[in-house]
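Peer 1: We have chain H already, so just place chain D on it with the hints.
Just so you know, the sequences run in chain order H and D.
Under full-length UniProt numbering, think of the first position of the first sequence as 1, with each following residue one higher.
Under full-length UniProt numbering, think of the first position of the second sequence as 1, with each following residue one higher.
Watch out, some of these pointers could steer you wrong.
Per the computed footprint, the stretches of chain D lying under chain H, defined by three or more beta-carbons under 8 Å from a beta-carbon of chain H, are [claimed, not checked]:
{"id": "1", "segment": "33-42"}
{"id": "2", "segment": "86-99"}
{"id": "3", "segment": "208-215"}
From chain D, some residues computed to sit far from chain H (all C-beta separations above 12 Å) [stated by the list, open to error]:
{"id": "4", "residue": "His51"}
{"id": "5", "residue": "Pro52"}
{"id": "6", "residue": "Val53"}
{"id": "7", "residue": "Gln56"}
{"id": "8", "residue": "Ser64"}
{"id": "9", "residue": "Ile192"}
{"id": "10", "residue": "Leu198"}
{"id": "11", "residue": "Asp221"}
Simulated from the structure, these hints should not be mistaken for lab results.
Note that the Cβ used here is the ideal one computed from N, Cα and C, for glycine as well.
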Amino acid sequence: MRDSYPAGLPKHDLRRMISPEYSPLCYLAGALLILAVFVAYPILRVLYMSLMHNVLTRPDQGIYFVGLGNFLSLLQNADFLMAFQRTVWWTLLSVAGKTVIGFIIALLLVNITRGKKLFIFLLFIPWVTPNVVGAITWRWIFDGQFGMLNWLLLQLQLISQPISWLSSNFYSFLFTALVDVWVGVPFMAIVFMGGLQMVSQEILESADMDGAGYFKKLFYIKLPVIRPIVLVATTLSAIWTFNSFQIIWPLTRGGPVSATETLIIKAYRLAFGSFDIGMGSAVAVIIFLVLLAFSAFYNQKLSETD
Amino acid sequence: MQAKHRGSSIISYALLSLIILAMLFPFAVMLSTSLKTYQATFQWPPQWLSHPVMWQNYFEVWVSEYHFSKPFVNSFVVSFFTSLLSILFGFPAAYALTRFRFRGHRALMFVVLLTQMFSPLIIIIGMMQMMSSLGLINSLMGLILSNGAISLPMAIWLLHGYLKGIPLDMEHAAMIDGCSRVVAVRKIIFPIALPAVLMAGIYAFIMAWNNLLFPLAFITDQSLKTIPLALTDFVGMNIVYWHQMMAGGIIATVPIAILFSFVQKFFVAGIMGGAIKE
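Only chain H is shown next, with the shape it has when bound in the complex:
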């Protein structure tokens, strides 16, 4: 484009560099400024602060450089290691749930013709609902005294008396993941549906001729075709889930005690609960590094599929 348009000014002229005709600068300036201030700067700042001792409520201790001290004490801290492990399990559980249920819904959706739009619209409602609204509604459903879940399970005679679900370590862990699955399933289902629609109808028909059953077709034809899409979607979902804050916080705030305290909740509690900026930053940096590694993996897989 630039070359095809007559250039009247020498290449390094200042007027040319800021000209909206020949130079991208004017178009990019605003976005670059925002990205610099709100993306680049905070990352560098958090990196820097993770190397400092800085507890806002203890000005008497002062602010001083500790090098990798924060990271070393985190790695020796059983609480942190537990939280790390918990985050990994929570993410795995939630992503697996979203993927499996999303895939089943997608398989069903490609099977129907009439009313598909309506189904998709209804399906998307949990995804569109503000996270906090969804989370507090579930909190009410899980209520230990008057919740609908207790009522439902009592009706079905699966439990004999009401259970205070979110006071239990095990159930709060499981149910926060469940709510996260509930939010994330629609996206997965739609993405997978898009993938399944790319599967050639002719190949499926000729497989029918050869007498291939449903699961044969699923494993040997459909899955290989949508493999790259599954990969992209699960990687993205894993990143989002790892970062998930808005579901857990309104449901349990990381509790009871720390049963649902994932790394992101921990970092928030450290920085804004205990005002330990140094440690909070160190956890944030670790989250950042984990996701960076994950993104690199994602990028590599993407270039492989191209």
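Peer 2: Relative to the frame of chain H, chain D by itself:
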């Protein structure tokens, strides 16, 4: 063959309906609770439809006790300006990325992608001191800027995907006719890209409407709370008025559901298209 196909599609309808019913269960609870009296919320066994039907809860939550009107207006202001900001800066940036070749092009695209991956928590911890020295704590402006910062990359991403598909001849023709590039972009490219612009704007609006982390960290002033923060706070109170909370939840969801229905069609294609092609 035909019969077999019809059979499998009936099973599909049945299973889908079952799954969707299960997924919409919380909305049934929300709606039912929102129409109860305070006493009826603590009735056991719970009734799906209890008398009297309290439509006035929707009004009550707006004015009494929870003062839901305030957070609603705050959320609206924040989301609207976040959306405006991401289009205003995102559109030209996306245009530059598709029409110019320059050093750092790839790096910029990478940063745009990266921003979608990192948690807003980094922004919060990293920006805290600067925000407070700029007086952006307890201000809606602070929320607009921080929400804008995470929506902007997404807007660039979506618009970039769309603008790539618009042939260069479009603005060429106009420019040969003597238009400047800026005029050509404004008069020709922008209108063609309008669907994508709307989509990016609505996406930013929804994200800002949804965001809890920024107000949680930056807002303590009662009168500046947004919906997610207000609801989170209410649920931590000693007495929770579930009937009003659920009415508030529905009020908070409706505008977003309407906006989303406009962009539903392009939505996933926009995100995944970008993700797969890049």
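Peer 1: Looking at the structure, which of the earlier hints fail to hold?
Peer 2: none
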